[in-house]
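Novice: Here's the letter readout for the chains.
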Amino acid sequence: MQGIYLDNNATTRVDPAVVEAMLPYFTEQFGNPSSLHSFGNKVGLAVKKARMQVQELLGAEHESEIIFTSCGTESDSTAILSALKANPERREIITTVLEHPAILSLYSQLEKEGYAAHYLKVDGKGRVDMDEYKRRLSDKVAVVSVMWANNETGSFFPVLEMAELANAAGVMFHTDAVQAVGKVPIDLKSSKIDMLSLSGHKLHAPKGIGVLYLKRGVRFRPLLRGGHQERGRRAGTENTASIVALGKACEMALAAMQHENTEVRRLRDKLEAGILARVPHAFATGDVTNRLPNTSNIAFEYIEGEAILLLLNKFGIAASSGSACTSGSLEPSHVMRAMGIPYTAAHGTTRFSLSRYTTEDEIDRVIQVVPEIVAQLRKLSPYWGENGPSAEPEKDFAPVYA
Amino acid sequence: MWDYSDKVKEHFFQPRNAGPLADANAVGDVGSISCGDALRLMLKVDPETETIQQAQFQTFGCGSAIASSSALTEIIKGMKLDDALKVSNQDIADYLDGLPPEKMHCSVMGREALQAAIANYRGEEWSDDHEEGALICKCFAIDAVLIEDTVRANNLSTMEDVINYTKAGGGCASCHEGIEEILAKVLAERGESFKPVPVKAKEAPKPGKLTNLERIRRIEAVLESVRPQLQRDHGDIELVDVDGKTVYVSMTGACAGCQMEALTLQGIQAKLMEELGELVKLVPTRAGSLARATSQP
Ligand SMILES: Cc1ncc(COP(=O)(O)O)c(C=O)c1O
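Protein chains in written order, with my numbering: chain H, 31 to 432; chain L, 1297 to 1593.
Misleading hints may appear alongside valid ones.
What the hints assert, rightly or not - In silico negatives: residues of chain H with every beta carbon more than 10 angstroms from chain L:
no. : residue
1   : S68
2   : K72
3   : G74
4   : E86
5   : N117
6   : E119
7   : A146
8   : H148
9   : L253
10  : G262
11  : E334
To be verified - In silico DSSO-like links for lysine-lysine, alpha-carbon gap of 27 angstroms or less:
no. : chain 1 : residue 1 : chain 2 : residue 2
12  : H       : K142      : L       : K1491
13  : H       : K79       : H       : K115
14  : H       : K409      : L       : K1305
15  : L       : K1303     : H       : K237
16  : H       : K425      : H       : K409
17  : L       : K1303     : L       : K1567
Calculated directly from the structure, the hints in this document are not laboratory data.
Think of the CB as a built atom: it goes at the ideal place given N, C-alpha and C, for glycine as much as any other residue.
In isolation and in its complexed conformation, chain H is listed as follows:
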């Protein structure tokens, strides 16, 4: 069996057409794009083409607004640290409690260095309070960073509106759009977004290539200084093969945008409805009417996520979980906790993330397998009785040292 891959928010397979596009840049097209001779020149043109393909997908006004980096994390760090260096007198930074560690760990380090970080809280569906946001904006704030779509639930933040507000308050606005790019239409030229991060491996390009979009005119300080690559904004000889691959992947994502938002969405909805109809005491998390078309995150109450994944894996199904155990930490996903999902459900959250390669047969198979797995684990659970949760689950089983 081939395996059913429903973990596309973690990473995606590189499209065969993308591999084909990049391969020549390891062999005959090995030149350095900065060189004047013909070995380099052709490669330089290929990088330029890729830059335009990315520009097109993002709806950016200028090709020079695209800076190639090594990954989404580098783009995030570059954006935030640049904003701080460009505004040394501003000592406050804003983000949300739901961000990816690429932002949260950086913010917590910046706090140690003396910055005041404001983490916008969210409600049960993961929505920010816009009034709180407005109150936080001031001329002391150096940068706001808000993710376009959450990697665990797929839910959107209103980044276009938040960017307008930041702009009106004279504050730089960055969005981590690593999960959104390629899955939803984006038109940066009509937005007030100053900086945006994306990562190749989430849209069927290879790992280790990313982009920082930097709106023309936004003040910038490079993270890596050195050669004049990327117009001096990101030194280091270009990862040409991966840049070409990312360009191709962006072109393909744009072509598949319609499919992603109709067919992939239909399969996702079928999967979620199918599971929820067959499994009692389970619910979808996040803002389900306002999210990525490919993501479904379901909390299975009274069982633990790693155990679910191990059993799914036995059936050849790949998904991921917000449980503490899958990450080796002591707490379940910060996203689930921030939304107030109780521990008995948060540890059992399971994320299914589809792609344009997902088939109907695969979805049917998962709908068939999941209820058995959940039932099997619930039989082992001290919170579960004969046919349902014990009368008062949290009272009937209250272990010592909670």
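Please arrange chain L with the ligand on chain H, whose structure you already have, making use of the hints.
Specialist: Using the frame of chain H, we list chain L with the ligand on its own:
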């Protein structure tokens, strides 16, 4: 994902003794739902002989939590209560051919459930004295609470102190930033500030160029270096044999329950590999736990 042994997988996919035990006369509920691991252990104890006739479990938890629960019930079935109390979390981990460092706490939970169940049978109060913090040192499975407590209790002030007292940071060294933060915090409480002092560099191993004798001497030196720690916790380790890439040791009486116990074979093995500059496997030839486990029906 985790590098689980075949034994762990087997006990996860086919757990033994799972489900409620109707006529249990000893029940232990332990774990922490916030951490995502909780376990109910149910025993049927023969009041005449104080022998565990039947053991069943229900577990909310990950693969290794379920496997540890299953292993525990297999180990203790047929044991007398006093003997069962001697089962350590290391015994549970050994029974499963080891657990990843992040997962050692699953075996600790098993042992605590056992203590709680026996206390319940005897009408005693059982309280847990163990507090778990974020895992800092992955080589030796040592968490923040243990490091912080040790730094405070012994007035430690340098990285080297922490390595010597807890082993934390003594392996790959990637966790030194985290340890420095703990040092800085505790030192600040004492009104001092943390000053980095370089940890003395060890003599670099020359990989693959050792004579047999040198190799064994190095192995012995590593074991010697961890013995004080083990002995402090009333345990010990001795070299039995070296056969190619396999190092056989005998281990005795690991201090049950304390976190030092996490200074396990995996940690020592990592240190051996570092010193020898080659891959080796450390295998305990411990008669104790294995024999106990296999002699039960
Ligand atoms: C929202 C978000 N931001 C950032 C990243 C990090 O991207 P990369 O792995 O390319 O550094 C990820 C990937 O997991 C992500 O989901």
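Novice: Please go over all the hints and tell whether each is borne out by the structure.
Specialist: Verification of the hints:
1. Against the 10 angstroms criterion, S68/H stays outside the reach of chain L, whose nearest CB is about 45 angstroms from its own CB.
2. Every Cβ of chain L is farther than 10 angstroms from the Cβ of K72/H; the closest lies at roughly 42 angstroms, confirming the non-interface assignment.
3. No beta-carbon of chain L comes within 10 angstroms of the beta-carbon of G74/H; the shortest separation is about 39 angstroms.
4. With a least CB separation of 37 angstroms from chain L, E86/H remains clear of the 10 angstroms interface cut-off, as annotated.
5. With a least CB separation of 27 angstroms from chain L, N117/H remains clear of the 10 angstroms interface cut-off, as annotated.
6. At roughly 28 angstroms, the least C-beta separation between E119/H and chain L is larger than 10 angstroms, which holds for a residue marked as non-interface.
7. The beta carbon of A146/H sits about 20 angstroms from the closest Cβ of chain L, which is more than 10 angstroms, so the claim that it is off the interface holds.
8. Under the 10 angstroms C-beta cut-off, the non-interface status given to H148/H relative to chain L holds; the minimum distance is some 23 angstroms.
9. For L253/H, the shortest C-beta to C-beta distance to chain L comes to about 20 angstroms, beyond the 10 angstroms cut-off, and the non-interface label holds.
10. The Cβ of G262/H sits about 31 angstroms from the closest Cβ of chain L, beyond the 10 angstroms cut-off, so the non-interface label holds.
11. Its closest Cβ contact with chain L, about 5 angstroms, brings E334/H to no more than 10 angstroms, contrary to its assignment away from the interface.
12. This hinted pair checks out: K142/H and K1491/L have alpha carbons roughly 17 angstroms apart, not beyond 27 angstroms.
13. Simply put, K79/H and K115/H have alpha-carbon atoms about 31 angstroms apart, too far for the 27 angstroms limit, and the pair is violated.
14. For a cut-off of 27 angstroms, the pair hint linking K409/H to K1305/L stands: about 18 angstroms separates their Cα positions.
15. In summary, the hint linking K1303/L to K237/H is not supported, as the alpha carbons are separated by about 34 angstroms, beyond the 27 angstroms threshold.
16. Simply put, K425/H and K409/H have alpha-carbon atoms about 18 angstroms apart, close enough for the 27 angstroms limit, and the pair holds.
17. Taking the CA atoms of K1303/L and K1567/L, the gap is about 24 angstroms. The hint holds against a cut of 27 angstroms.
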